[in-house]
Amino acid sequence: MLKIIWFFAIILSVPVLYIAYNLIMAIMPGQSKTYILQPVFRLIKLFEKKDEGTNFFAYFFSVGSCLFSLIALYMAVAGFNFLFVISVLSMMDLLVITGAFSSGEFSGKMSAKRGISRFIIWLFTSIVSAAAIYKATGTLKLNEIAYLSENNGLIISLPFTFISLFIILLMKGNLLYFNFGISGEELTILGEALYTPYSGWSLAVVQIAQWIEIGVWLKILSSFLPLPNPVSFIIVSLLFLSSLFLDLFVSKVEWKKAARFSWGWAGGMSIINFIYLFYY
Amino acid sequence: MNWLNRIRMRSISVFIVQAGGCRDCALQFLMALSENNEIKGITVTGNPKHADCLLVCGCINEKSKEKITEIYEKMPAPKAVIAVGACACSGSLFRRENSGLYTVEEILPVNSWIRGCAPGTTEILEAIVRAMENVKENHYRNDEGRNDL
Chain A
1 MLKIIWFFAI
11 ILSVPVLYIA
21 YNLIMAIMPG
31 QSKTYILQPV
41 FRLIKLFEKK
51 DEGTNFFAYF
61 FSVGSCLFSL
71 IALYMAVAGF
81 NFLFVISVLS
91 MMDLLVITGA
101 FSSGEFSGKM
111 SAKRGISRFI
121 IWLFTSIVSA
131 AAIYKATGTL
141 KLNEIAYLSE
151 NNGLIISLPF
161 TFISLFIILL
171 MKGNLLYFNF
181 GISGEELTIL
191 GEALYTPYSG
201 WSLAVVQIAQ
211 WIEIGVWLKI
221 LSSFLPLPNP
231 VSFIIVSLLF
241 LSSLFLDLFV
251 SKVEWKKAAR
261 FSWGWAGGMS
271 IINFIYLFYY
Chain B
1001 MNWLNRIRMR
1011 SISVFIVQAG
1021 GCRDCALQFL
1031 MALSENNEIK
1041 GITVTGNPKH
1051 ADCLLVCGCI
1061 NEKSKEKITE
1071 IYEKMPAPKA
1081 VIAVGACACS
1091 GSLFRRENSG
1101 LYTVEEILPV
1111 NSWIRGCAPG
1121 TTEILEAIVR
1131 AMENVKENHY
1141 RNDEGRNDL
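The listed protein sequences derive, respectively, from chains A and B. Per the working numbering, residue 1 is the first one in the first sequence, and the count goes up by one each step. Per the working numbering, residue 1001 is the first one in the second sequence, and the count goes up by one each step.
Please keep in mind that the hints were generated in silico from the structure rather than gathered at the bench.
Computed list of lysine to aspartate or glutamate pairs in EDC-like fashion (alpha-carbon distance at most 20 angstroms, straight line):
(1) A:50 / B:1073
(2) B:1067 / A:51
(3) A:172 / A:247
(4) A:50 / B:1133
(5) B:1063 / B:1073
(6) B:1074 / A:48
To give an idea of the chain A side of the interface with chain B (calculated C-beta under 7 angstroms), a few residues:
(7) 33
(8) 41
(9) 44
(10) 50
(11) 200
Idealized CB from N, CA, C, for every residue including glycine.
Bound-form chain A, shown alone:
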């Protein structure tokens, strides 16, 4: 029962974070002129739109990616092996990239290229982080990691791994200097993480998949804090929300520069922690 509650709570948590972002932005004078529920409005609107130009594969791959994100979420909630969750998330990411590439359009190929480079970085970081976690805890099962962390605080022995995994979250949300610009010059908060060739309801489905994926990463990150699971999940969510606001003060960089930053920070941090654990 608890797992089911967690499952739906995580699905709802990311839209709630974006709504909270819009709520705070609406209060601030001279800022965004959007509705508080704009992310939800846009999602509903997208389901109604019809795109005659989109190929069948875009719909197929978007549904596939959403399915895989749900499987990854279930695995994260049920406390499966960290590497299993990563492999399912990889499948999800690859489906989205393949869908983008299958459009045959220039924008699709461009976003697929960027998506692949992002994919390589986050997968590498995850694998090195998994090795570091195994070295520190002797297990890769998320429920066991969370249990160990509640008593000992995994963040103390794996601070850089935590940072590198948080940077993966920023890469997924296209935030700060880790924005690969996958959607071109999209300015809306919802559109920032989307691939260009998708539109209509396939775009909405990819959006839902992306929300769920961010939820999965929040759940994984919450296993590192020495606090009860719900509390640590809220803390990590608030960190993500604060990075959404921080993104307003950070200029966008070219995607190749974002890739270099990501390699350095996400990949580098995870390697530093692994080497430290290995030799000391």
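Given the structure of chain A, go ahead and fit chain B onto it with the hints provided.
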């Protein structure tokens, strides 16, 4: 379905095309978004596939005509086209015989015209909202010519 239309009106993604000219109309629109007015929910997108409304500013020449029609074809329905400023509506000062310039109406089904050089900020936002309201009531599914206003 009224509630669905109301939701659509609360999230309008606009794609701006600067076909040629002084860019003042596009800047007026961006200024309108940063002003404190009652119209909310309008955002700018850089991707035609995410757009609901095409805002055409400036004089259209042979080169930009092709690009504008290409962008229009990529936009998913329901979609609206708005001609912003004197250049886009009528060619303004630059329209001469055999000058090779087009108005938006000559190449696309236009939903709204905003005249003036440069047009007012509030008028642009109101026109976008009205055009999107109009596009839901009329034959937006098969894009047969321009909608009645």
